[in-house]
Amino acid sequence: MAMSFSFLICYLLLSHADEGHAATWSDLSAEVEKVTKIYEGKTAMIPLQNTSNTLYVLLDLELLGIPDFDDISGIVNINTYLSMQWTEEVYFNAHGSTAPDTSVTISADSIWKPPLILVNSAEDGREIVKDQSQVRIHLKSGKCELTENVIFKASCTTGDFLYPFDIHECSVKLSTRAYTSSELTLVVSSFRNDYFENGVVWILREKYSDTLIQDSKSIAKFQIKIKRQATNYILNNLVPVAVLSGLNPFVFIVTRHTGERVGFSVTCLLAVVVLMNTGVTSSQHITLLMYYLTGVMITSASITITACFTLAINNKLEKIARKCGCCCKQCRSNKVINRSPLRQQEQSSNDDGENHQTTSCCDDCEDCCCLMCCICRMCKCCKCIKKLPWVRVENMLDVYFFFFFLIVEVVLFLTFIAIMAALYSAEIKKLTLEHRNT
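Note that this note's numbering has the sequence shown beginning at 15, numbered continuously upward.
Check before you lean on any hint, since a few could be wrong.
Per label pair, the in silico range of CB-to-CB distance [as the list claims (entries may be wrong)]:
| no. | residue 1 | residue 2 | range |
| --- | --- | --- | --- |
| 1 | Thr-171 | Thr-245 | 17 to 27 Å |
| 2 | Ser-155 | Glu-183 | 35 to 45 Å |
| 3 | Asn-207 | Ser-147 | 17 to 27 Å |
| 4 | Tyr-305 | Lys-157 | 49 to 59 Å |
| 5 | Ile-431 | Leu-72 | 47 to 57 Å |
| 6 | Asp-123 | Asp-84 | 29 to 39 Å |
| 7 | Thr-245 | Ala-436 | 18 to 28 Å |
| 8 | Ile-227 | Ala-315 | 49 to 59 Å |
| 9 | Ile-86 | Thr-245 | 13 to 23 Å |
| 10 | Tyr-209 | Thr-171 | 22 to 32 Å |
| 11 | Gln-63 | Asp-208 | 32 to 42 Å |
| 12 | Thr-171 | Thr-57 | 33 to 43 Å |
Here are the simulated DSS-like pairs of lysine-lysine, each with C-alpha atoms no more than 27 Å apart in a straight line [stated by the list, open to error]:
| no. | residue 1 | residue 2 |
| --- | --- | --- |
| 13 | Lys-231 | Lys-167 |
| 14 | Lys-167 | Lys-221 |
| 15 | Lys-144 | Lys-231 |
| 16 | Lys-187 | Lys-144 |
| 17 | Lys-444 | Lys-235 |
| 18 | Lys-144 | Lys-51 |
| 19 | Lys-221 | Lys-231 |
| 20 | Lys-154 | Lys-48 |
| 21 | Lys-221 | Lys-444 |
| 22 | Lys-167 | Lys-187 |
| 23 | Lys-235 | Lys-443 |
| 24 | Lys-157 | Lys-235 |
| 25 | Lys-221 | Lys-187 |
| 26 | Lys-157 | Lys-231 |
| 27 | Lys-221 | Lys-235 |
| 28 | Lys-48 | Lys-144 |
| 29 | Lys-443 | Lys-187 |
| 30 | Lys-154 | Lys-144 |
| 31 | Lys-443 | Lys-221 |
| 32 | Lys-241 | Lys-444 |
| 33 | Lys-187 | Lys-231 |
| 34 | Lys-241 | Lys-443 |
| 35 | Lys-144 | Lys-56 |
| 36 | Lys-241 | Lys-187 |
If you are wondering where the hints come from, they were derived from the structure by calculation, not from laboratory data.
Virtual Cβ for every residue (Gly too), placed ideally from N, Cα, C.
Using the sequences and the hints given, assemble the complete structure.
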């Protein structure tokens with residue numbers, strides 16, 4: 015019996031509670047009319063009962079992504095959700111005590127809204143909040159909320175010197191169009207990246223927020239630092255060129271008569287030129303990578319010229335060889351390159367009616383009738399060939415040029431890597447220190 019009576023009491027209390035706090039569509043419509051009537055023709059006036067006070071607008075920025083960033087012009091597109099909160103005092107003081115404890119949604123063109131603009135906009139200075147937006151107002155407390163999906167097109171401070179490991183600093187500076195800081199103050203409540211997704215090229219490295227007063231205007235500053243994903247660029251461009259530049263000095267090992275020396279060196283030179291066109295074409299400072307590629311290009315051009323020079327030496331040797339055919343009539347007629355008595359006896363015994371056969375050069379280089387016959391390709395003795403001055407010069411130059419250009423390429427690459435690593439480490443330490451300070 016007592017339990018049934020308790021259930022009856024609870025039922026009656028809940029029924030009367032619903033009747034007291036529930037708001038019908040007609041009730042909400044009437045409250046909306048009250049709000050819009052207050053701001054009719056006065057949507058530019060700050061909703062403060064005492065105009066000498068300051069209206070505080072809380073800002074909450076949620077980063078969603080960076081769909082585009084032009085590191086040449088320094089313009090970034092930042093996709094965000096911007097939430098604003100403020101307290102509406104005019105309606106609250108007039109009808110707050112009798113208003114239902116609920117919230118309604120009102121069109122932004124029928125009520126006051128923060129006239130925020132992007133100070134560092136790369137476009138025109140239009141207001142961020144559109145008239146088609148919706149403002150949610152809590153009737154009992156006068157608290158207003160507005161959320162906009164905004165893609166900020168802002169200008170950035172670019173730093174391409176460490177390309178492709180470059181880090182850029184971009185900011186979103188929000189301020190009001192006509193209100194001073196004593197009338198309206200912006201307060202950053204949060205700056206989050208819970209739903210942020212890194213792009214294909216750019217990733218978020220650091221973020222922080224701040225508020226400041228500039229030219230008597232309140233400014234909310236949201237700062238981000240983005241870093242380029244350099245893995246694909248390194249594997250697709252930098253590594254092949256570094257390998258080609260390392261292989262370039264090996265053209266001096268290729269046989270001169272194949273004709274591949276100049277072709278291979280020109281191929282390496284063109285590969286470097288193509289990579290220079292795919293990099294940063296315009297920036298405030300020349301990138302460190304461009305310095306390295308310029309050095310590689312000069313080295314490749316020098317290798318090409320040197321390869322042409324060695325081929326010219328080889329052609330000069332062949333011209334001498336063609337002119338030396340008349341140096342020794344005996345060698346030309348008999349094709350015998352021997353002056354020793356033993357070889358002469360062998361030659362006289364072979365002249366008894368047998369066909370004459372060509373005799374190769376003897377093992378001893380001193381038995382050759384003359385060095386010019388060796389140049390004429392009549393003597394196949396390697397020792398004789400190595401004694402020729404032009405051949406010795408060619409071999410010496412090939413070895414010298416090979417090691418010289420190989421050392422130059424290695425020094426260029428190691429210097430580039432060392433400087434890049436040192437500067438990048440310093441930049442990372444700077445970011446870490448800034449993160450700790452904030």
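Hints, one by one, checked against the model:
1. Thr-171 - Thr-245: 17 to 27 Å: holds (25 Å)
2. Ser-155 - Glu-183: 35 to 45 Å: The hinted range 35 to 45 Å holds for Ser-155 and Glu-183, with Cβ atoms some 39 Å apart.
3. Asn-207 - Ser-147: 17 to 27 Å: Hint holds: Cβ distance 23 Å, inside 17 to 27 Å.
4. Tyr-305 - Lys-157: 49 to 59 Å: holds (58 Å)
5. Ile-431 - Leu-72: 47 to 57 Å: Holds: the Cβ-Cβ distance is about 48 Å, inside 47 to 57 Å.
6. Asp-123 - Asp-84: 29 to 39 Å: holds (34 Å)
7. Thr-245 - Ala-436: 18 to 28 Å: holds (21 Å)
8. Ile-227 - Ala-315: 49 to 59 Å: holds (57 Å)
9. Ile-86 - Thr-245: 13 to 23 Å: Cβ of Ile-86 to Cβ of Thr-245: about 22 Å, so the range 13 to 23 Å holds.
10. Tyr-209 - Thr-171: 22 to 32 Å: holds (26 Å)
11. Gln-63 - Asp-208: 32 to 42 Å: holds (37 Å)
12. Thr-171 - Thr-57: 33 to 43 Å: holds (36 Å)
13. Lys-231 - Lys-167: holds (21 Å)
14. Lys-167 - Lys-221: Roughly 17 Å separates the two Cα atoms, so the pair holds.
15. Lys-144 - Lys-231: At roughly 21 Å apart (the allowed maximum being 27 Å), Lys-231 and Lys-144 satisfy the hint.
16. Lys-187 - Lys-144: Holds. Lys-187 to Lys-144 sits at ~18 Å (cutoff 27 Å).
17. Lys-444 - Lys-235: holds (20 Å)
18. Lys-144 - Lys-51: holds (20 Å)
19. Lys-221 - Lys-231: holds (23 Å)
20. Lys-154 - Lys-48: holds (14 Å)
21. Lys-221 - Lys-444: holds (14 Å)
22. Lys-167 - Lys-187: holds (11 Å)
23. Lys-235 - Lys-443: holds (23 Å)
24. Lys-157 - Lys-235: At roughly 24 Å apart (the allowed maximum being 27 Å), Lys-235 and Lys-157 satisfy the hint.
25. Lys-221 - Lys-187: holds (14 Å)
26. Lys-157 - Lys-231: holds (24 Å)
27. Lys-221 - Lys-235: holds (11 Å)
28. Lys-48 - Lys-144: Judged against 27 Å, a Cα distance of about 22 Å means the pair holds.
29. Lys-443 - Lys-187: holds (26 Å)
30. Lys-154 - Lys-144: holds (26 Å)
31. Lys-443 - Lys-221: holds (15 Å)
32. Lys-241 - Lys-444: holds (14 Å)
33. Lys-187 - Lys-231: holds (12 Å)
34. Lys-241 - Lys-443: holds (14 Å)
35. Lys-144 - Lys-56: The given pair, whose Cα atoms are some 17 Å apart, holds under the 27 Å limit.
36. Lys-241 - Lys-187: Holds, at about 20 Å.
Comparing the model with each numbered hint stated earlier shows that all of them hold.
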